[in-house]
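With the hints as your guide, set chains B, C and D onto chain A.
Residue numbers (the working numbering), protein chains in the order written: chain A, 1 to 383; chain B, 384 to 766; chain C, 767 to 1149; chain D, 1150 to 1532.
One thing to keep in mind: the hints can contain errors.
[Stated by the list, open to error] Here are the simulated SDA-like pairs of lysine to any residue, each with C-alpha atoms no more than 25 Å apart in a straight line:
hint	chain 1	residue 1	chain 2	residue 2
1	A	K6	D	E1209
2	A	K246	A	R372
3	C	K772	B	G387
4	C	K772	B	R391
5	A	K311	D	R1432
6	D	K1395	C	G998
7	C	K1077	B	G387
8	A	K311	C	E1060
9	D	K1460	A	R372
Keep in mind that the hints were calculated from the coordinates and are not lab data. Since this is a predicted model, take the numbers as computed values, not measurements.
Protein chains: 4
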Amino acid sequence: MSIGRKLRYGMVGGGRGAFIGAIHRIAASLDGQAELVAGAFSSDAQRSYESGEDFLIARERTYASYEEMAAAESNLASGQRLDFVTIVTPNHLHFGPAKRFLEAGFNVVCDKPVTLTLEEAQDLKNIVARTNKVFALTYNYSGNVMVKEARALVLRGELGRIRKVIIEYSKGSSARPAGDANRRAAWRADPSRAGPTGVVGDIGTHGEHLARYVTGLEIDVLCADLTTFVPGRQLDDDASILLRFKGGAKGILHCTKIAIGDENNLNIRVYGERGSLAWYQERPDELAAAFAEEPPQVLRRGHDYLGEAAKKAVRIPPGHPEGYLEAFANLYRGALRAIAAEVTGQPLPADLDFPTIDDGLQGMRFIDAVVRSSARDAQWVML
Amino acid sequence: MSIGRKLRYGMVGGGRGAFIGAIHRIAASLDGQAELVAGAFSSDAQRSYESGEDFLIARERTYASYEEMAAAESNLASGQRLDFVTIVTPNHLHFGPAKRFLEAGFNVVCDKPVTLTLEEAQDLKNIVARTNKVFALTYNYSGNVMVKEARALVLRGELGRIRKVIIEYSKGSSARPAGDANRRAAWRADPSRAGPTGVVGDIGTHGEHLARYVTGLEIDVLCADLTTFVPGRQLDDDASILLRFKGGAKGILHCTKIAIGDENNLNIRVYGERGSLAWYQERPDELAAAFAEEPPQVLRRGHDYLGEAAKKAVRIPPGHPEGYLEAFANLYRGALRAIAAEVTGQPLPADLDFPTIDDGLQGMRFIDAVVRSSARDAQWVML
Amino acid sequence: MSIGRKLRYGMVGGGRGAFIGAIHRIAASLDGQAELVAGAFSSDAQRSYESGEDFLIARERTYASYEEMAAAESNLASGQRLDFVTIVTPNHLHFGPAKRFLEAGFNVVCDKPVTLTLEEAQDLKNIVARTNKVFALTYNYSGNVMVKEARALVLRGELGRIRKVIIEYSKGSSARPAGDANRRAAWRADPSRAGPTGVVGDIGTHGEHLARYVTGLEIDVLCADLTTFVPGRQLDDDASILLRFKGGAKGILHCTKIAIGDENNLNIRVYGERGSLAWYQERPDELAAAFAEEPPQVLRRGHDYLGEAAKKAVRIPPGHPEGYLEAFANLYRGALRAIAAEVTGQPLPADLDFPTIDDGLQGMRFIDAVVRSSARDAQWVML
Amino acid sequence: MSIGRKLRYGMVGGGRGAFIGAIHRIAASLDGQAELVAGAFSSDAQRSYESGEDFLIARERTYASYEEMAAAESNLASGQRLDFVTIVTPNHLHFGPAKRFLEAGFNVVCDKPVTLTLEEAQDLKNIVARTNKVFALTYNYSGNVMVKEARALVLRGELGRIRKVIIEYSKGSSARPAGDANRRAAWRADPSRAGPTGVVGDIGTHGEHLARYVTGLEIDVLCADLTTFVPGRQLDDDASILLRFKGGAKGILHCTKIAIGDENNLNIRVYGERGSLAWYQERPDELAAAFAEEPPQVLRRGHDYLGEAAKKAVRIPPGHPEGYLEAFANLYRGALRAIAAEVTGQPLPADLDFPTIDDGLQGMRFIDAVVRSSARDAQWVML
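If we strip away everything but chain A, and leave its shape as in the complex, we get (with noise of 0.2 Å):
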């Protein structure tokens, strides 16, 4: 889907020193596909410009706010005008970012979970409806190469129907008060910036996303155990959620960021009534299979056996690892061709494969659910 050019895209957030800024220009660009000419780096105007020189953008587009960025890059002409603009902001910046670039045409992608409540959510859903852009979410996990091969087997029914799914995302940077700090992300145990939950909303939320997307199951009612581990933290640092899903499936996702000698330990594992799947994160390039009566397979990034999904996902041979930002790059391969698509006013193709407003949505009910469960010391909820 090449337009014979690179795809042009602006920065909200992301600036100097941001981890999460700098993955987005990583993978955006890992392609060659789309190059970074514009951004409103930080909410601080001097650091913005510091950011936009570190980042060889012309100092005329980098901006003091987002909000100047976007009126003045919507008076660009169209041999410079965004193709689209990354929103890597805290939690409580991508619902206003989100809506005004959305509305002023341009396309977005938004770090995860997509807004600060649910009723944000709500809205945002409406104004893509309404204006039609590509709205691209980073649940980035769902980029692995062997996680859309998940995702393949169970939806063409390998395991038969699932019974049981396990997600753990298990961190152990934030075991510690002064965890949260040293990572420049106090904003994470800021409430009024991170959102009603700690944990659940960094973390739990790509476990529910990940569920979701190699198992097509919803999640029915949840029973979630809350706790702050760390003295002093004002939101939760550990989740333990029972779940059942619609159809009978039963589930546990867990999440924490007390775990000591954890360090990004996502996981998955899927049960069902013919064979099992699990993928670990941490070894991205592998996925174990299991079939009753037969021996356990490896199955791995880059073979011949895999299906249509995870072999479009491959950038290199088996045995040379691809890691987070390859994954990463390949959610933004979908959303780059979907661009593609909208700005040169081509249909958008049919396989397109990255979480959307809905995902986002979606997730913002499981966070809402399980902030309500805790509020009743664990009760069961309806998502």
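Just chains B, C and D, lined up with the frame of chain A:
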């Protein structure tokens, strides 16, 4: 604690082809300190006699029932008299033989769960106290060397205050309807013989004991979601349980028999304020240990850097794998030391380390609470 | 092959504190088919007597030397007579006792390497042939279940023609000068007791046997670079050996005692035209198998998909780890079947599967070739 | 070392569908510091033009041959002029373009092995010296973060004196006759284009460089057994090589293309007097470290406990896997720093860390020695 001869024991249950009977015979004799000399190996007299032949037991000490065995063996002279009896029958046949042999003056080793019901367990505790005999319960996973090291590290405070404990016991052997029958274990699916739960009484109870053994923590309240996935099965085959321990730690215990691809995947992870531990039964010789800011370690059986309990429980050097039988034999080793003291009229050693009737009773309280919670559609209940 | 009683055996060497003696005692008795009733446990008479007490052996059948033992035991009546003798002395004391007991009409189990010199091995082969007794050699790793599966797969042609075999045996226990002494194994560094090589006679010879057992291939020529890394050591502690097998396959066998961090890392990988296998002794229950164009598999002990030899060698179900002792006991199980036939005057079973004097002789040819190659500064030599 | 704009580069080779060209394009641009603006992407002019379109290169800077490219690009004004040229052609087309562009005043990045013959490598070293341009060679595995940590640990003396180094590079992709052809790599099996060895020039040379990079040791003599297992292949596909390093360390380097089941299994283990390290390319984010008497550790990318070189080479936090492309981009990052200095007339940074012509020349000496040894039926030869 050698008494200059092998200890003599008899067996109730465990006839030809029974899985757990063979395990007990190997474990009891592994160190050459005990010999099987009598048995009521089956409730089918003919099968008991044939089993006795298999095990090279004299015909006159092979019995048609445990009652016959208790009567006959009680009359033997001290040079022939059994030092202990091992009970390896289905759950509903633990209490009767245990009571009978204890009251006849024999020490007892019994398989888990200790009884069919909580009430029986309470009765048995009184009987053990009254008869003052040794009663050892084979929660065998606590016999593993690196489990002993884990316990020592936690109790010594190396992890700081414990925050979270995750215990999993996942098997796939009964993922299909025929599974149980194939494995001569039809009784496990029969409430009148197995008790009120399928998966928790069979394997989940190992997890509860392991967590308590390693951490010293007791469960305060729990929320258990039991499921029967395999059609036609009378008892549950899957359990997801949220735990709150006394003192503020949280936990998850999940166990299942429908996890195709999992063999005997019992594992425990313990997260504290300063560090964490993880032990996987299928790789028993290693214990993962992580402490904040330090490279993760893999502690391994047999090294000088381990504590006393782990050192004493080792038979062979590092890198020569010890397995399930050796761990089971460690439990027997402790029980035999106690029994040797008892039969020679000496005080029991102070450093005994094997599960007792107290562990059995606590295990039955756990099972009872799980069943009560599940009966209320997975509400929280006290233990 | 039960003969209605336990087989009686005596032990030469293996006194109090000796590593390999304890292994043999457990392995011989693990299945309850043999009992230790006599021994010359040490060349130090007092230590022999004390060891006999430890092992609950009657004083009158504990001896000050193997010669005394052979003389006395030869005179016992058939109801008491030893069915076999196990020799677990240092290498220079294998030939003498083996010859003495074979010629006195006893079956023999002997530790590896079979003798101190190639000449002794040739003599012993003649003695075994002449006396027509069972002679079993404890190349114990061939007793592992998944090694038997590997052998079956190769011999059945599943891998196609074998191209390359890589065998490694890497230990770190003697990486420092004090290492050997600490482990009651000073004799291993003494050429007059260990033989002409340190690392190859001790551990490399296991690798040669394992490769031959699994593949059926015989080494044609080799090029061996022996090194003594630890100052002051009389014998080599490291060997790198290139192999060319009869028939065109190539290989590498490397073994070392200076590999800090390695415990007992014996492993073998076999690459054929159609597939490959890999087995690691420290994870004995699994066998990695890969076939061209297919997802790699992990075959695991205890499953129905394995072949007959692997099925027969299993004691406990999948996921309940078997270890070093169980594998060693498998070797004894085979030897006991042969011995039971011999002592009851029946023909030996056709499906025996344990190392014999032929394996011992081939092992000595290998050691001899390694020493010859090294003496010529690592030139190629014929076996 | 930003110069306020992206560095401009051209590419020789690497057209549509070529594996390594795509790698270089991603790696060069990953950090947003370089952009591809010109190329002679194929010796087939039409394919070069089509490739240029794929890569969004202006038609007037897409060339039919490297000679044409060198002539045209030499005439461009400084605001357009290439800062460097990347050469990603088959081995026989490294020397010509490298010479041509260096002599035209361009910096060069070149794929390995540096040339077809040892003589070319010696010539090229002189040309680099004479032109005084930056010449970077893509032994890309030295770009891995944990390889840099390994090197730092060894050079800092943490392992003590090095005793043994084992390097393996095992692939199965060419285990069958059709393997090479399938992968657009027919030239790899053609001596006139690949050079005198198949497996060593392709992958073994990575192993030699890795060993030298990590340990600082140079090979003194070697004994190489090359084999061609796949019928009809002109060049070897398997090599087993014994190494003796200057200073007394020993080693083994083995590499193969016939190892069904292995993907890109490059690994190195280094054993010293006090400790050992092991790194496996397929799990690049971890480095196993063992020190005598201590529990083994697993050092992991991204942590504060690592040294400076490893810290500087990291892009994303622990647990977010980095892969092959990120390591390759680390090599480019170093080269780009040097090139930025060169084009702005500044002295090269003192802390450069990428392979140079010296590494290329040493690599060719290694290949030459391997071929000489093999020609003498695997006798020992000096490097």
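Results for each hint:
no., hint, in the structure
1, A:K6 / D:E1209, "holds, 18 Å"
2, A:K246 / A:R372, "holds, 19 Å"
3, C:K772 / B:G387, "holds, 21 Å"
4, C:K772 / B:R391, "holds, 16 Å"
5, A:K311 / D:R1432, "holds, 21 Å"
6, D:K1395 / C:G998, "holds, 22 Å"
7, C:K1077 / B:G387, "violated, 38 Å"
8, A:K311 / C:E1060, "holds, 15 Å"
9, D:K1460 / A:R372, "violated, 42 Å"
Going down the numbered hints, you'll see the structure goes against 7 and 9, while the others check out.
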